[in-house]
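Each of the two chains sits in its own frame; use the hints to bring them together as a complex.
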Amino acid sequence: MVGYQGAEGLTSAVTTASIERPAERPAGPRSDPAVIRKRLAGFGLLAPALVLMFMMLALPVVALVLMSFWTQSGFELDRSISLENYRQLVAPSDETTWWYGIPFPLAYPVPAILMLKSLAMSLVATIAVIAVSYPMAYFMAFRVTRHKALWIILITIPFWTSYLLRVFSWKIVLGFNGAINSGLKAMGLIEEPLEFLLYNPTAVVITLAHAWVAFAILPIYVSLEKIDRNLLEAASDLGDSRLKRFFRITLPLSAPGTIAASLLVFIPTVGDYVTPALVGGPGGTMIGSLVQDLFLKQNNAPLGAAVSIVMMLIIAVLVLLFLWAIGYGKLRARRS
Amino acid sequence: MQRIKFIDRMSQGKVSRREMMKAATAFGVGTLVLPKVANAAEVLTCLEWGGYDSADYFQAYVDKYGAQPNFSIFAGEEDALAKVLAGFAADVMHPCNYSVARFVNAGVASELDTSRLSHWNDVFPALQSAEGVIWEGKTVMAPADWGNSSLAFRPDLMPAEFAEDPTWAIFYDEAYKGKVAMNDNEMAIIIGAMVGGMPYDEAYKLEGAALEAAAKEWGAKAVNVSRFLWNDSSEVQQAMASGEIVACYAWNDLVANLRAEGVPVTFAKPKEGMFTWFCGLTLLNTGKADEQAAYDFIDAWLSPETGKALIEGSGYGHANMKAFEISDPEAIANMGITDPVEMMKDTIVFKTPTDEVQEGFNKVWSDTKALKG
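In order, the protein sequence lines correspond to chains A and B. So for the first sequence, the numbering used here puts the first residue at 1; every next one is plus one. So for the second sequence, the numbering used here puts the first residue at 1; every next one is plus one.
FYI, nobody ran anything at the bench for these hints, they're computed from the structure. Keep in mind that the hints are not guaranteed to be accurate.
Stated by the list, open to error - Here are the computed lysine-lysine pairs in the DSS-like style, where the Cα-Cα straight-line distance is at most 25 Å:
{"id": "1", "chain 1": "B", "residue 1": "351", "chain 2": "B", "residue 2": "83"}
{"id": "2", "chain 1": "B", "residue 1": "177", "chain 2": "A", "residue 2": "171"}
{"id": "3", "chain 1": "A", "residue 1": "226", "chain 2": "A", "residue 2": "330"}
{"id": "4", "chain 1": "A", "residue 1": "185", "chain 2": "B", "residue 2": "177"}
{"id": "5", "chain 1": "B", "residue 1": "205", "chain 2": "B", "residue 2": "345"}
{"id": "6", "chain 1": "B", "residue 1": "372", "chain 2": "A", "residue 2": "171"}
Unchecked claim - Here are a few chain A residues that face chain B, going by a calculated C-beta distance under 8 Å:
{"id": "7", "residue": "282"}
{"id": "8", "residue": "293"}
{"id": "9", "residue": "299"}
As the list claims (entries may be wrong) - Simulated restraints on C-beta separations:
{"id": "10", "chain 1": "A", "residue 1": "87", "chain 2": "B", "residue 2": "333", "range": "58 to 64 Å"}
{"id": "11", "chain 1": "B", "residue 1": "72", "chain 2": "A", "residue 2": "74", "range": "19 to 25 Å"}
{"id": "12", "chain 1": "A", "residue 1": "328", "chain 2": "B", "residue 2": "216", "range": "43 to 49 Å"}
{"id": "13", "chain 1": "A", "residue 1": "330", "chain 2": "B", "residue 2": "72", "range": "51 to 57 Å"}
{"id": "14", "chain 1": "B", "residue 1": "87", "chain 2": "A", "residue 2": "179", "range": "39 to 45 Å"}
{"id": "15", "chain 1": "B", "residue 1": "68", "chain 2": "A", "residue 2": "120", "range": "41 to 47 Å"}
{"id": "16", "chain 1": "B", "residue 1": "329", "chain 2": "A", "residue 2": "120", "range": "56 to 62 Å"}
{"id": "17", "chain 1": "B", "residue 1": "216", "chain 2": "A", "residue 2": "244", "range": "55 to 61 Å"}
{"id": "18", "chain 1": "B", "residue 1": "264", "chain 2": "A", "residue 2": "179", "range": "23 to 29 Å"}
The beta-carbon is built from N, C-alpha and C at its ideal position, and this holds for glycine as well.
Next comes chain B alone, as it looks inside the complex (with noise of 0.2 Å):
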């Protein structure tokens, strides 16, 4: 009963800081004095990106459990793996087509039994198919979220030339100095050949010695340029809004939240390429909870409710076709993310690497970015 007194009280707003700090601190200490003995089930852990974490895209989840699971951010797919291997108990991973590779053959990926998802039947079936959502035959990934990744700037503060013929070229321009971000990824190095005139095709599986002159030329080059390297997209959204950088490597949530916010932005589509990449969610084989939580998460992220909140909120598309049906028309036109077959055929879609490779660009990328002067 002093409990729920204690409630009443508080939400009439009569309770003093001092009886609320003193509540609070009873309640720490006593959780950290009890065991963890009425705890049955094991909540479920989820190795997200930064942003996903938000109820609005897994709320059917929210709904039958009570509760958010826990969740672990990371800001690429190689550290998330990394924390994997080194022992962290996750259920589900959130991987993209060009790295769910990686999961598998680190051997902590577990196939998806697709009959378990409600909503499978209605995801487009180009990304049903599609490698990466495939590998070795089996279905690894639930294709959740796709998109790009690609050039956003400031029309205000660039150059009226540079909207008409946009090029990743000012990455590695000294001109762009401190004016520019790139995101803290080896892609610094593929971009830079390309730029260079090598395809994208010839530059993600760049290795060995080609791989270090292309670090040499083009990463050190981008490090330099780039006034920091954005690792969650937050860092980055302010510094474009501010006019600290004028220009960013970036995905569509920059340009849906800046647009949100009033502030001028393009979504270029550089004359290198622009990148499409489709990500989804991976049941890893490392985890504790219950497996049935695990696929009620995944489910509740191919949902077209899912979507409609993908699509209105960060400008992203979705795999579940059905979300096009409910979203805001005016937001996918906006967006230009009507068709996920569309969008691949006409930009460069994200391949993966082999381990080799992907390996020597960790170490290299790590290398550039720390011999900086």
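Chain A on its own, in the form it takes in the complex (with noise of 0.2 Å):
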């Protein structure tokens, strides 16, 4: 978690830096020893997870890489490269498999998709996920005064029981004897337990977009906290609405936070597999479950390998599209 700096403190170290570095960009020549030896020294501290990075995530992508390339026949594995896995997601079919009314000329559709369904899911959920917590971390910012760490170690709570637990707990209050259902029964609003909470992709949308909230709302705290109040009394002093100044100062200024809170909650959702597993029945289904499904079941690991490379970029494309498309460039010009 990002270490809790009151306002001031957060606002004197931004400036002091601001100030220091102008001093340091004449640096010496490349050949200075002293230079040298302050730049290994960085790569002394960066090590243990340089090695950790390439142990536990470089290692394995090559070796899943590797492995979309072999082919899988029955129990035999051959480890010839061939395409002949991404060739299998991308042949077509005369045959069009409609799906939501979008048209699949695919001979294997299903990868496609549920790659198209897992996106729009997760989609949602980061909407979601951003609705619910940029208004909390607003209010953290700009309302709350006293014992702000209380508040932050508040936000932690749910992470503090196992993940599998919290998605068990949202089968209990989505279930058909549960907390929502015998409650609204209570009531005498209903008198059949509701069954559409349960089982489908609303359910795994709604357990995500708990489950993530706070990753999201402590990146966006962090950037609305940064915002120099002065900025937003001029802005009110020249005239502006709240709602103006809202809109011309604080949302575009904390848009790098936001930003990398929607990111941090997108990209892993796309590819989770415990959610719709367990609250999303089989129309809740995801990417992550054929290649599980792959995985495990239908003992294919190279087609699975290569149904999660395919992810893994068409994931990539996207944020860097989006990066693209609202010019984060020049937000990042702008702040430095």
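What follows is the structure, encoded as structure tokens:
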């Protein structure tokens, strides 16, 4: 978690950093031993993380890429390099499969459909998360004056239990005899329990949104907290209404945190597997479920690897497009 | 001495929660930090169905080794097989007559030396020589439990006409949408084809275009109509008990457990047929534990005491003939599970598909579920 600092602390840190930076700019020649030593020391500090990343992330990804070029037939794994898995994912067919009015003229349309569905579900979950967490972060940054640390700790309370337990609790909340249904029944609002609450995409989106809210609040909170209060005062003095002030000052200045939060939620939720497995039912299946099924039920790890790689690439492209579309480069330039 | 004092205080309830947590933390950290040197023999690892990891079913093993083996729970044999093929080092697996061949063909099952099983001679002779226990001339599974797969329904929540002529067709009937639960298994397609008039002997080996067509017609309906596709039996038992669903694909344990809870439930004999399976223990060649431990575990499963626990607790039949002598006669009569031979004559015994057919079913069933709108 980002260390908590008071409003003054943060702003003053920002100002000192910006004052010091120009002094550092005219650095000595690259051959200066002191500079080199300083750089190496930096890498020394990075080393544990780098080694861990290399072993736990880079190597498995390389293995996954390699595996996606192998093929599986029955119990036999053919280790010769081939593009067969990727061909399967895009092979056209005369017979078109329709899914929600969208045509998929593919011989094996399931991965493409689930990818689209996962992206859509994650997008909805992300929007829900931002819609819920932005006001909360705003409240914490501007309205809470005392015990801020306590508020932050309160926000992290859901993380004190395992994710699995939280998903199961949602199953209990949304279930046939669950909290919502028994409550509504006790109040006499419904006769029969509502069945649309559980085992569908909506249940998955609700659960995901709840699970990721805390991840979104913190970055948004930090970026709101960093906003120079003088700017807001200046806007008011120059005649901006509160709403106008929000859209002209607060929202743009908190954009980096909001963007970071949306990516932080969107990227991991696309590939989520356990949530759809528990509350989704067959209708709530996502791409992660297919990867799991290919690896662990259909015994076709190479195809599962290919699906994962394609999904990773699609997410990467989408994120880059998103950042380009909102002009993230300009945002960064403005900040520094 | 410190340790003994701690245990004494603990048993007298004089240890505060804080002290307890401290001790637990210290232990947790200790086990993480200490290298595993004292572990002379590897612990037996078993791939089991959920619920079968209870010591009631292998008490003799626990008595001998002083501890339970390690369990990994699976929802279906294909999951377990994929796990083993991916490198999971299991010693013993619990397949069924129709699925054991997959393990043999994959080259992970070992032949059983029945002379090392003290209870082998008490096993029903019909089971000793049944297909699935014997595969390609070798004994590859020690039969332990047997029972039925059929349709269970709540007579209090279903129309009376249904009880007179139960049928699997409700799982494919829009009128029952959200009121029934099929098992998360390709049986949904096979039973659908049977509802459509195809005999089981043809339906279980559907392939290619015929399989695709059956999946589109029947599989999709089952996925759509089912409230959920169940993977573990407690999930479906709770849904049946609460009335969330009124009928489901079930094994005997659901009926036994719900009756024990006082929930009215009927284990139907649908007009398309009810199924019989028998399962058992297979020795895998992927394990690391001592082979004798694996044989002791299998032998414990074959004991009459295990059979008694199985019959009285879950309503399943057992392979050991002596188990029926020591079990509560009422429990046996209640479930109608006296003789596996009679049972098999009267019902449809699951058959072993070829590897190609099984793989086709795996893929088509997964696709059918994924395409639900």
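Original post:
Which of the numbered hints are not met once you compare them with the structure shown?
Top reply: none
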